[in-house]
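Novice: Use these hints to put chain X onto chain L, whose structure you have.
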Amino acid sequence: MKKSKHTLLFILFLALSVFLAACGGGNEDAEKDNNKTGEESGGLADTQEITVLESAEIPSMDSVMAQDTVGFSMLNNVNEGLYRLDPEQNPVPGLVDGDPTVSEDGTVYTFKLRESQWSNGEPVTAHDFVYAWQRAIHPDTASPYGPYMMVGKIKGAKEAFESGDATKLAVKALSDLELEVTLEQPIPYMESLMAFPTFYPQNQKFVEEKGKDYAKNAENLLFNGPFKMTDWNGVTASSWTIEKNENYWDKDNVTLEKINYNVSKDPQAAANAFEAGEADVTPKLSTPAVIMQYEGDPRLVRWLEPTIFWLKFNQENEALANKNIRMALSLAFDKDAMVNDILQNGSLAANYAVPAEFVRHPETDADFREGNGDMNTYNPEEAKKHWEQGLKELGTDSLEFSLLSGDTETSKTLDTYIVDQLQNNLPGLKINLESVPFSVRLDRENNMDYDILHSGWGPDYLDPMTFSDLWITGGGNNKMAYSNAEYDKLINEANTTLANEPAARFQALQDAEKIFFEDAAIAPTYQRSANILVNDKLEGFTYHLVGPEYSWKFAKLNK
Amino acid sequence: MVKYIAQRVFYMILTLFIIASLTFFLMKLIPGTPFKMGEKMSDAQMEVMLEKYDLDKPVPVQYVSYMTNILKGDLGTSFQFGDAEVSELIGNRIGPSALLGFQALLVGSLIGTLLGIIGALKQNTWADYSSTFVAVLGKSIPSFVFAGLLQYYVGVKLGWFPVAFWKGPEYTVLPTIALAMFPIAITARFMRTEMIEVLSSDYITLAKAKGSSYFDIIFKHALRNALIPVITVLGPLAVSLMTGSLVIEKIFSVPGIGEQFVTSVQVNDYSVIMGTTLLFAFLFIMIILVVDILYGLIDPRIRLAGGKQ
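Just so you know, the protein sequences line up as chains L and X, in that order. By the numbering used here, the letter at position 142 of the first sequence is numbered 142, and the numbering carries on one by one without gaps. Basically the numbering used here = 1-based index in the second sequence + 1000.
With the rest of the complex left out, here is chain X:
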């Protein structure tokens, strides 16, 4: 097990290194200038600016100095935000995104699981159809439409929750609901399919024959096995939810990292692009490891490679 984990960590570092290098060179291929004052600056001034940010040096030299700085823990400074430290930019922005993502994941997976179970148990009844309907809606309506409708009807018309901004827990309600639609849809669909399959398998029949209670069969035996594929999708979904959504953050004025990341790409804010990409990559790699470990906990049949056969 220790050997396995050590191996995984080594590959994680290698993956991060490759991602960092690839992103760096790809980013340098994006055309455009990072200086929004570009059209007003004289050539002499442009030279001074390029020199200050080391952009006058050849790309390989920039690459080496960037990688060295990363090892020292220095992610550089932003062009877009007057020389602010990238670590600070990310640190201040990841919180709201992560909170919203977490809430949406929690709400989404719980409701989704419930809908999926209902759908599977009451197959082809009105309950099944309505849960499928909700899932299809959640999957097919773009989040900006849903967010806009929520904001207008629940925020402006009904006045139940604040329309936008980020000042307290009540401000997270509407963006969380908007963000949760997708995980609800995904979880419900997977859950329903898996549940139907698991319920028709031999061991469930056996459990029934042994006289286990209905509750036990569903929640102890069936659910545990049906959860495996759900967890597989939920892992990466969790990361993508917690790293922020451009649309939701823009509409609800959430100071999150998703919006900041997209803007940084649009304005060629190199160090912010790099820093955020590395963070996202790290989170994805971590979550994959966590998911792998979770598999073992849920289903003893899946033991990690290198474990006891």
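Only chain L is shown next, with the shape it has when bound in the complex:
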């Protein structure tokens, strides 16, 4: 099984990334090389100016309040934290100068900062970090990401959030250029976490001086990143501009001079603008019809996102609390046909809960999936056996569930297919499809008001834990009444006793995933692919798997 899956992966990547020279190392390398390294060219273009299309306006440029991909992406290009992600998805030093000093138990980090400047000439100091983080955790700020990113990680975050006394957050400026951060427990992915925009610094004087106007438009912002925003009229603006920041510490390694942004919400319209030469980069194209026009075109850049979708089984439902029933449901639909015939965008059939090409073993560098392989593949015969067994245990010959899912065209087609497959393969099963808007789905998931739910999860930092700790008993994101003491124990160990032993911790998380699938707690559906059009003169186009989507620091325009 494992072998055939990987062959498929390999062929898929070969076919889809023909423009890449280096696929020889198998799918592991394909991922790294997918960030375009550029073609042979006749040197740099005279004008280093490009136009990028985004799929939405910028809802917030306040790093403490941002909660969406466009905002995070823009912040990543005009600001910088301790670290930033490089084209290979590794955290590399941003404002941090050299490696931090870490206490023996791995919980106290002392970061030394390099000397750098805000766009108004003031120095960026450790106090700026303390201020921004305290602001993010304070309940009055009501930051969406602050508490989510800090509680359980930074010491004192929970207390600070609950008491409203932000100084309880264990982050201190030892001097202007020394920042001390104390953690609840060691965090193996600390550097990647610190690259997330919620942990960026903010200049207290500037923020307080501007008050309500802070981050309202380009004039009311400070920048310390590779670019600075020179034109942005605020949240309703459908176009904006960033230009190279001459005050940036690493400005010698920034080539692009100017990036113009336009919002384009319609995939075909974005492709039209790209064709007409009005754009160098499109937003992610979601419509198969548009993607198909560019299949095999070197300008189509495709990569596997670590975003995975699954059917969640609400175990408060008596029938779904039965393991055989869940097992039957999870084995009874053909995922390969689903991704190849319906999605048609390079997405992979997912037979797992931690995505492929996301995290690697700390020592052997093997993909998480290589250790665990396929945990849940289509098998109608096996499914039928579990189904009959389950029905017997429940003392019934038919079951009816509702499947709660999205209301986009793609979701509807996908879910109709899944329902059809399940009903055909499992006699006596009736599924009612409920297609609702995203906001309704969120709300009903929160209230556990569903039988089966088609939802997904994208990571916020480069570590399997962002997926693994979803399923602990009573976990804030569990929301399906799944509980397994053994699973909880492994996650807890990974967080505590094994936190300083990367290899053993990795193994614990892989073991946890096995338990999760023995329980047939979910039925994974697919892992999503991103498809965008990029001008083939643009070298060093860089996307990211977590946090901000794009970095333009590494890009240059060739002749």
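Treat the hints as calculated values from the structure; they're not laboratory data. Check before you lean on any hint, since a few could be wrong.
In silico lysine-lysine, DSS-like type, Cα no more than 25 Å apart, as pairs [claimed, not checked]: (1) L/K537 to L/K514; (2) L/K205 to L/K258; (3) X/K1208 to X/K1220; (4) X/K1220 to L/K537; (5) L/K323 to L/K479; (6) L/K284 to X/K1157; (7) X/K1052 to L/K284; (8) L/K251 to L/K112; (9) L/K412 to L/K392; (10) X/K1072 to L/K284; (11) L/K158 to X/K1040; (12) X/K1040 to X/K1052; (13) L/K155 to X/K1208; (14) X/K1052 to L/K212; (15) L/K158 to X/K1167; (16) L/K284 to L/K479; (17) L/K155 to L/K489; (18) L/K284 to X/K1167; (19) X/K1003 to L/K212; (20) X/K1036 to L/K412; (21) L/K210 to X/K1157; (22) X/K1040 to L/K153; (23) L/K153 to L/K489; (24) X/K1036 to L/K153; (25) L/K265 to X/K1036; (26) L/K489 to X/K1040; (27) X/K1072 to L/K168; (28) X/K1157 to L/K265; (29) L/K244 to L/K537; (30) L/K412 to L/K153; (31) L/K212 to X/K1036; (32) L/K168 to X/K1208; (33) X/K1040 to L/K479; (34) X/K1052 to L/K158; (35) L/K265 to X/K1052; (36) X/K1036 to L/K479; (37) L/K112 to L/K205.
Specialist: Okay, now just chain X, sitting in the frame of chain L:
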């Protein structure tokens, strides 16, 4: 007349109040959460968020505080756009939509009227049939198809006009044409029917008998009367054009209010839904008043109630 207007204004305010109240309660019935981070927030965090936006209070209390704020001119802030003022969101977005709507209405009603007149005067000839054909096309082809075709053939292939975005007058050409198709169709159809009827009426025969010139008969006598039903439809049509079209704005990347309004409903952005609904309602009520006044100007037979008999 003064009494009539005062009465109308009173009813307008009453209507707005009822619309505001109904929308408020209906909106609260829409299931869903306004917080897109919902799945990642802890319960404690959710409480803080609900409290901040007063969503933890009972709906009647929310209603009273919302209505009080409206009277003070405060439309609240958006969830979707990091606390931006609703008045600002609307203010920044209504411009492009209104401009496109106005241009489309102007182009549409002029061409439509012309087509309608031609159709009526040259009844059952090739000119009539082609004008009917254009009208049927405009009415039956969905605007997204038309917009997509325009964008691809005129924008990408011919390169005559920019494909999309909003940077200057030339950027308004394609969306205006796409948007004008519907008013062209509507005006042409109404105009043709009315014109035919008016032309067969006694006073036109009389005008002809008196020896009025052809031009005078058409434009002084017939057109004026034939315009009445057209103006009736054009009023509300003007509002719906100027309040933006989701499809056109999306395809041509126009920063308009139509797209923003639909999105706000999808993501339960309560204050934006309320603010925009109130604005649209106000515009509709105003236009109805204007249309009523226009009737009198065009046709002396229709004088406003309460006027001299």
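Novice: Tell me the numbers of any earlier hints that the structure contravenes, in ascending order.
Specialist: The structure conflicts with hints 1, 2, 4, 7, 9, 10, 13, 15, 16, 19, 21, 27, 30, 32 and 35, although it agrees with all the remaining ones.
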